[in-house]
Each structure stands twice: as structure tokens, then as C-alpha cells.
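Trainee: Listed here are the chains, written in short residue letters.
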Amino acid sequence: MSGKGMNLTLKIWRQKDAQSKGKMQTYKVNDISEHMSFLEMMDVLNEQLIAEGDEPVAFDHDCREGICGMCSLYINGEAHGPDRGVTTCQLHMRMFNDGDTIYIEPFRAAAFPVIKDLVVDRSAFERIQQAGGYISVNTSGNTQDANAIPISKHAADEAMDAATCIGCGACVATCKNSSAMLFVGAKVSQYALLPQGQIEAADRVKNMVAQMDLEGFGNCTNTGACEIECPKGISLDNIARMNRELIKASVK
Amino acid sequence: MSVLDSKVPKGPIKDKWTSYKDKINLVNPANKRNIDIIVVGTGLAGGSAAATLAELGYNVKAFAYQDSPRRAHSIAAQGGINAAKNYMGDGDSVYRLFYDTVKGGDYRSREANVYRLAEVSANIIDQCVAQGVPFARDYGGLLDNRSFGGVLVSRTFYAKGQTGQQLLLGAYSAMNRQIARGKIQMYNRHEMLDVVIVDEKARGIIARNLITGEIERHSAHAVVVGSGGYGNVYFLSTNAMGSNATAAWKIHKKGAFFANPCYTQIHPTCIPRSGDYQSKLTLMSESLRNDGRIWVPKNLEDVKAIREGRKKPTDLSEDERDYYLERRYPAFGNLVPRDVASRAAKERCDAGYGVNATGEAVYLDFASAIERYGKEQAKIQGIDNPSKAKITELGEKIVEAKYGNLFQMYEKIVDDNPYKTPMMIYPAVHYTMGGVWVDYNLMTTVPGLYCIGEANFSDHGANRLGASALMQGLADGYFVLPYTIGDYLSEDIRTGAIPTDSKEFDEAEKSVKDRIDFFMNNKGSKSVDYFHKRLGKIMWDKAGMSRNEKGLKEAMSEIKALREEFWKDVKVPGSANEMNPELEKAGRVADFLELGELFAKDALMREESCGGHFREESAEESGPQKGEAKRDDKNFAFVAAWEYKGEPGDAVLHKEELEFKDIELKQRSYK
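Note that the protein sequences, when read in sequence, are chains A and B.
Under numbering that gives the first Met the number 0, think of the first position of the first sequence as 0, with each following residue one higher.
Under numbering that gives the first Met the number 0, think of the first position of the second sequence as 0, with each following residue one higher.
What the hints contain is simulated information worked out from the structure, not anything from laboratory work.
It cannot be assumed that every hint is accurate.
Claimed, not checked - Derived coverage of chain B by chain A (criterion: at least 3 residues anywhere in the stretch with Cβ under 8 Å from a Cβ of chain A; other residues may be distant):
| hint | stretch |
| --- | --- |
| 1 | 42-56 |
| 2 | 60-70 |
| 3 | 124-130 |
What the hints assert, rightly or not - Using 30 Å as the maximum straight-line C-alpha spacing, the simulated DSSO-like pairs for lysine-lysine come out as follows:
| hint | chain 1 | residue 1 | chain 2 | residue 2 |
| --- | --- | --- | --- | --- |
| 4 | A | LYS152 | B | LYS389 |
| 5 | A | LYS22 | B | LYS509 |
| 6 | B | LYS570 | B | LYS509 |
Quick reminder that beta carbons are idealized off the backbone N, C-alpha and C, glycines included.
My request is simple: use the sequences and hints to build the entire structure.
Mentor: This is how it looks when you write it as C-alpha cells:
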């Protein structure tokens with residue numbers, strides 16, 4: 000690395016565990032390359048903290064290529080930071096300037112309690128999926144041939160677009176109501192668009208929405224922030240489709 | 000005489016699996032309710048196994064270190080999944096998939112397992128479609144296929160560049176259905192730290208709750224490990240940061256033999272390294288090689304000019320470019336198997352033709368594909384005499400539709416537009432073909448202990464073909480293990496619940512706690528990553544894309560020395576009774592420091608080149624295949640299964656001789 004690295008001030012949320020009170024703390028990192036990813040910058044900070052005898056900052060991450068949905072972080076007031084269409088692990092330091100102060104907080108939502116530092120508990124998403132995010136078909140290997148039911152390319156593509164949701168929770172974190180409707184709408188849509196999913200469509204949408212409400216997520220007021228911050232570009236149309244499915248299911 | 004019994008059924012290869020299933024012992028539904036199974040890992044193999052075993056009626060406990068099964072690293076597989084459907088009518092068949100897989104694996108896999116894999120492959124696609132996996136379709140509404148490296152047919156099913164994600168979400172949805180029914184108890188943010196053996200059978204695990212730090216005992220009648228591969232032994236790989244070998248290594252230390260650790264796949268198309276801070280490498284799907292052409296400049300002056308920024312790759316004429324794969328392998332061209340493509344890139348870069356500052360990068364160029372597609376589109380749309388700009392515009396749209404997300408990913412990381420200037424790529428560690436030895440039932444050398452997916456060694460020999468990892472993971476979990484495990488468990492219907500207060504559980508828990516206490520109390524001065532990076536460098540330099548006797552001997556002693564240093568000087572902050580990512584890493588790296596040495600030992604023993612394992616001493620010296628890998632079937636047509644004896648260097652070799660009755664052993668030629 001050349002000497003033209005960035006010197007940065009980091010204000011990071013530190014919280015020992017779910018029970019303790021947290022607070023923002025200030026750290027400095029120097030000579031950060033613009034080619035680093037944001038999480039590599041966090042690695043540098045943590046190595047520095049370990050060397051100094053401090054506790055490193057806990058944050059969720061795993062694949063570091065934007066697909067596992069494990070990483071989160073609210074950076075300068077934006078879920079997954081200032082870039083669009085990326086997760087925090089794909090955010091690069093070239094988005095920042097020498098001398099910047101960067102605020103790093105966990106995803107904030109009543110339904111996502113903090114576990115430690117920047118790590119939050121997103122198990123509410125698990126319970127919503129368990130309430131109906133599946134097609135009831137056994138893995139017998141005796142289903143009909145995969146080409147037995149043709150599906151229009153348009154429907155298949157639209158289902159795929161909905162299915163690309165990585166379950167990171169940026170939609171919830173960025174929504175002023177902490178609504179999970181983009182997440183739930185995407186799953187409901189994927190199945191509603193495919194013939195295989197239609198058999199249980201009514202029960203699925205009712206059960207998933209009921210669980211979503213139970214978990215304490217807010218309602219949708221159509222601000223569209225979720226769509227903008229979603230790293231996978233999941234469309235608001237999915238929320239509209241979920242609402243249609245729910246009305247259809249309710250009047251049946 | 001070998002102690003290894005592969006338990007491959009008798010009879011013609013075509014009938015083995017069917018007739019075996021007909022005779023296998025079954026457990027009746029009422030008894031299944033009294034039988035517990037632990038599944039460690041929830042990727043394609045573990046997730047599909049957990050769901051299917053629960054559907055069958057067993058009580059399943061599943062463990063994942065992530066906060067959800069959906070985050071297992073199978074999610075990152077991009078390109079596709081193979082299946083012998085022959086939907087394209089291009090001559091595919093079960094036999095051909097079997098043949099391609101054995102050949103692609105350089106004749107180092109077990110024929111019967113591979114045939115079974117090919118046989119059940121078609122069921123996987125049927126199953127996934129029924130689950131709502133949105134595979135790509137053509138305009139008639141039927142499933143689309145594409146071709147992948149190392150084969151001459153199009154048999155790869157895909158969901159954009161996110162096939163692994165969609166298949167994993169399919170398995171995850173099947174799991175969710177069973178979690179909701181209470182048939183799977185899901186333990187997220189838990190890590191298995193040891194297996195418990197009672198009366199020579201696997202009867203449980205010790206796991207750590209990664210939120211509270213609590214050490215837990217879990218018992219079962221059988222334990223299934225589907226914890227993925229060990230690519231992170233290199234520190235830098237395309238694996239997830241948390242991907243680790245701990246579960247596989249712990250069972251190895253408790254009696255499961257570890258097979259062919261030196262078989263590692265170095266994937267040819269990854270984004271090159273940019274600096275020392277690099278934490279992982281990113282793969283660009285092999286499917287890009289369908290349309291991308293790989294090249295470096297012909298002349299070293301051009302290389303220099305490009306490195307210094309005086310020339311751009313697009314300034315070079317066709318005559319000034321060396322499309323080295325097309326030149327060396329006219330039959331397969333850019334679609335040679337991964338090991339061949341990777342070594343060819345290394346060969347060019349070692350010769351000084353690497354095109355970036357580190358000298359470790361080659362071009363992957365889409366200009367001709369864009370032109371070809373553009374012309375085709377112009378014709379379809381009835382545009383006469385289209386301008387060059389129009390052709391480019393139309394062509395870029397098609398390329399975007401096919402690979403848009405990959406191009407976007409590349410641009411985000413590298414800050415360069417791959418539609419306009421060729422991508423730069425370089426090989427990176429991606430997949431490990433070696434793993435825990437299993438028999439035809441997928442059982443390890445410990446009764447009741449199974450190993451599935453990338454964690455086992457069985458199906459890919461010395462090199463895996465593209466789009467076959469997803470196939471194997473789901474085949475093992477959905478369609479193979481659920482049958483074979485019943486045969487074993489049929490003898491356990493009267494056993495009753497396994498108690499966790501036995502001395503075996505006491506001992507296993509104590510050793511886990513002792514190790515954690517050691518880490519917490521060690522007054523070291525260096526972080527875990529410091530050691531992991533050094534291990535990675537030894538592995539990459541001396542047991543990487545090409546290996547020799549001297550380097551491997553050095554690797555063994557250097558790793559051993561590094562391991563000793565690690566135990567003296569590692570520093571783990573925080574405490575044991577809380578979320579502590581550094582403590583998690585310390586345990587994993589401690590295991591990699593042992594596995595790495597066995598890896599080098601295995602590579603040293605195997606004095607031949609095969610698949611991903613290239614020994615410099617074993618290359619063709621003359622003729623049309625000069626410089627290509629030279630296999631030694633006379634002396635090395637066996638699986639090397641290592642038995643743990645206290646130190647990795649003391650491991651004892653057991654050989655499973657490989658018999659090829661249905662395929663003739665040939666030199667693998669892609670010329």
C-alpha cells in the first residue's frame with residue numbers, strides 16, 4: 000500500500016450483550032486503502048484493538064460476496080452504507096474520503112434486538128418463514144417430471160427476482176416503521192407466481208402475515224425506502240402483490 | 000490388507016443402487032419417532048438431509064454456526080447444477096454424466112458412487128421444481144440448460160448466477176416446514192466442537208452456543224456431518240469467512256479416516272488479489288467461460304506497457320493476443336476443466352505475462368461474444384446494416400441478461416466496467432475434493448457417523464467438474480443418506496434415548512472446555528489471523544497449484560513449527576461465556592494447523608499428478624501432451640485414507656484400491 004491511504008474516525012456502537020446498555024465509542028484507523036472492502040477496514044480496526052489489548056468489535060459477516068445475508072450494519076444512517084445495490088461486505092472504501100468520520104450502528108428495530116455490539120438477532124425472520132415460507136412437498140424424488148408444467152418465462156423470471164432476497168433485514172432497518180413487508184412480500188410473491196405455489200397460497204399469505212405482525216414489525220406506509228436500500232433490488236411490487244394475495248385469501 | 004471396506008454392492012453398475020435399495024433394512028414409521036439424528040451443517044447436503052430425515056419421521060437436531068440455515072456457504076454457488084435430463088437432446092445420458100464425472104475427476108473417484116450420483120441427478124431437478132425453485136426457462140416455458148467446463152453437452156440447470164442460493168433456499172424451505180412441525184430442532188449460532196463415541200458408535204456431539212458461550216451436550220442414535228470443505232486452510236479462498244474444517248477434523252481425531260486431503264480445486268476464474276489486507280477472494284462463475292475468451296498479450300513489451308498504464312488491453316489487435324487455452328486445447332478451448340485452466344493461467348503468469356501489478360492476472364474478454372450476440376439480435380430484429388455501435392448495444396444487452404449480476408459484482412469490487420474492458424481473473428482456492436472417507440452408505444469408519452456433501456471425499460476424485468457440487472450435496476442429502484442411514488438405524492429401534500450423563504460425554508465435554516480455557520488463559524501476543532495468514536502462505540506457496548517433494552517437506556515442517564508457535568503465542572481477547580468471534584476463529588485455525596500438515600503429507604506421498612494435484616516431478620516429457628499432468632495408474636489408483644495417530648505427521652495410510660470396470664482408464668486429453 001502506498002502512503003495515500005485514508006485516515007478515518009469511526010464512531011461505533013458498543014454493547015456487551017442483550018442486557019447491557021450500549022454507547023457510541025470513537026476509534027481511529029489510518030492508512031486505509033480505497034480498494035479495501037468496508038469489512039476489511041473493520042478487520043484492520045479489530046487487529047489494532049487486539050494488539051492494544053482491547054476487545055474487538057463484534058459484527059456479523061460470512062460470505063463477503065453479498066449473497067449470504069449475514070452482514071448488516073447501519074453506516075452513516077444508511078443500511079449497508081452509502082452505495083446502492085450492495086451489502087456491507089461489498090461496500091468499498093473508495094466510497095469514503097480521507098478524514099471522514101463514519102458512524103457505524105447495528106440494524107435498529109424492536110424485532111431485531113442487539114446480541115452484542117453490531118450483531119443483531121434476526122430470528123423473527125426465521126419464524127415468519129416457518130409459518131408458511133415453503134411448498135408442502137416431500138423430498139421423495141417421485142414428483143412429476145420437472146418439465147411437466149410449463150411456466151412462462153416472464154413468470155419464472157419474476158419469481159426469480161423475488162426469490163433473490165437474501166434475508167439481511169436492511170428493509171426493516173431502513174423503514175421508519177420497521178416494517179418487514181418487503182421481506183415477506185418477496186417470499187409470498189415467489190410462490191404466488193409459480194403454479195407449484197398456488198395450491199397453498201391462501202394459507203401461506205395469511206400465516207406469514209400473522210406471524211410478521213406477532214413479531215412486532217410495523218406496517219407499510221409506502222415510503223419506498225426499503226426498495227432503495229435493498230441490496231438485491233427487490234421491488235415494492237412484491238408488497239402490492241402480497242396485499243392482493245392477502246385480500247384474495249381473506250374473502251375466500 | 001486394507002481395513003477399508005467400501006461396501007459397494009455386487010452386480011452390474013446400472014443395477015447396484017436399485018437392487019441395493021430393494022434389500023436394505025427399513026425402520027417402520029412408529030419406530031422412527033423414537034430415533035434421534037444429529038445433522039451438523041445446513042448447506043445443501045446437511046439442509047436437504049435434515050429436511051428429508053424429518054419428513055421420514057426421525058427426530059432431527061440440526062446445527063449451524065450462522066444465524067440461519069439459509070446462510071450456509073452453498074448459497075454462494077453461482078453457475079448451476081448438473082443433471083442427466085437430456086432436455087436439450089444433445090446426447091446426454093446417465094452413463095455420460097457418470098463418464099464425464101469420472102474422467103473429469105481424473106479417475107480417482109469410486110465408480111459405484113459416481114454412477115449413483117448420475118442416476119439420482121434427474122430426481123433433484125424434479126424435486127427442486129416441485130419446491131418452487133425458480134430455474135431459468137426458455138420462451139416455451141420449459142427449463143433452460145447451459146454448458147459448463149469439461150463436458151460436451153448442455154446439462155446445467157441454473158437460476159441466473161444464483162443457483163446455489165435458490166437450491167439452498169429450497170432445502171431451507173423444506174427444513175422450515177419440518178421446524179414448524181417440531182420434527183427438526185434447529186440450533187442456529189451453535190458450533191460442534193467434538194463428537195461423542197459410546198461403545199464404538201457415534202452417539203452425540205458437544206456444541207458451543209455462540210451467543211452465550213455455553214457448552215452443550217446433545218445425544219442421538221446417529222450423527223451426520225455435512226460441514227463443507229477445508230479450503231480456508233489457505234486463509235484466502237472463495238469460501239465464507241466462517242467456513243471451517245472443525246467438525247470434519249474432530250471426527251477424524253475420533254477415528255474417522257480422512258481421505259485425499261491434497262485434492263484441492265483451484266478455480267480459474269476469480270477476481271485477482273488486490274493487497275495484503277485481502278480477507279477473501281471472490282469467484283466469478285465458470286459459466287462466464289461459455290462466452291468469455293481468456294488471453295494474455297503475446298509480447299512481453301505489451302505486458303509491460305499494460306502494467307505501466309501506457310496501453311489498454313483493447314489497444315491490442317487480435318494478432319497481439321495469445322488465447323492460450325484455445326491455442327493449447329483446440330477441442331475444448333476456453334471450456335477445459337478447472338484444473339487445466341488454472342494451471343495454464345499460472346504457466347503464463349509464471350512466464351511473466353500476468354497483466355496486473357502483482358503479475359497474477361489474465362484477461363477474460365467478452366468482446367467477441369458481444370459482437371456475435373449483437374449481430375444475431377440485429378438479424379432477429381430485422382435491422383439491415385447495423386452500425387458497430389448498434390451491434391455492441393444489442394450484444395451487451397444479451398450479455399447483461401445472461402451474466403448481469405456477475406458483471407455488476409465485478410464492477411463493484413474492481414471499479415472497472417467489464418462490458419468495455421476485459422475482466423481480469425486469476426485462479427483461487429475454491430473447493431476441496433478430499434474429505435472424510437465414507438463407504439457406499441456414506442458412513443465413515445466410525446459406526447453411526449456419516450459424512451455428506453463437500454465434507455466427504457467420495458464423488459469428485461481429484462478434480463470436480465463445474466455444477467457438480469450442488470448435485471452431490473443434494474443427492475447425498477435428499478436421495479442417498481435417507482435410505483442408507485435406515486439400514487444402520489434398523490438395529491437401533493430398541494435402544495431408547497441415548498443418555499448424556501455418561502462418562503463419554505463427560506470426557507468429551509472436558510476436553511472441549513479445557514481447550515477453551517487454554518485459549519482464554521494463554522498470555523500470547525499475536526492474533527489468530529496472524530497465524531492463519533502465515534499458514535495460508537505456506538499452503539499456497541508449497542502446496543498450491545503445483546507441488547514438489549522439496550516444497551512439501553518444507554511445508555510439513557514449517558506448519559508443525561507454526562503450530563507450536565501458535566499454541567505458545569496466540570492471543571484470544573474477551574471471555575469464554577459470551578459471543579466471542581476470536582475464540583471461534585482460534586479453535587478453527589488450531590484445526591487447520593493440523594489439517595494443513597496432513598494435507599502436505601498426503602501430497603508428498605502421492606508421487607503422481609492427477610486432477611487438482613500437480614506434482615512437478617510427474618509431467619509428460621515429450622509428445623503432443625508435453626507439460627501436461629502425468630498420472631500413474633499403476634502405483635496410485637487408490638484412495639489415500641489417513642488414520643489419526645496423535646500427530647498429523649504420524650498419520651497411518653490405508654489404501655482403498657480403485658477398480659474401473661465400466662470405464663477404461665485413459666489419459667485425460669482436452670486437446
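Trainee: Against each hint, give a clear statement of whether it holds in the structure.
Mentor: The hints, checked one at a time:
no.: 1; hint: 42-56; result: holds (count 4)
no.: 2; hint: 60-70; result: holds (count 5)
no.: 3; hint: 124-130; result: holds (count 7)
no.: 4; hint: A/LYS152 x B/LYS389; result: holds (26 Å)
no.: 5; hint: A/LYS22 x B/LYS509; result: violated (37 Å)
no.: 6; hint: B/LYS570 x B/LYS509; result: holds (22 Å)
The structure is inconsistent with hint 5 alone, although it conforms to all the rest.
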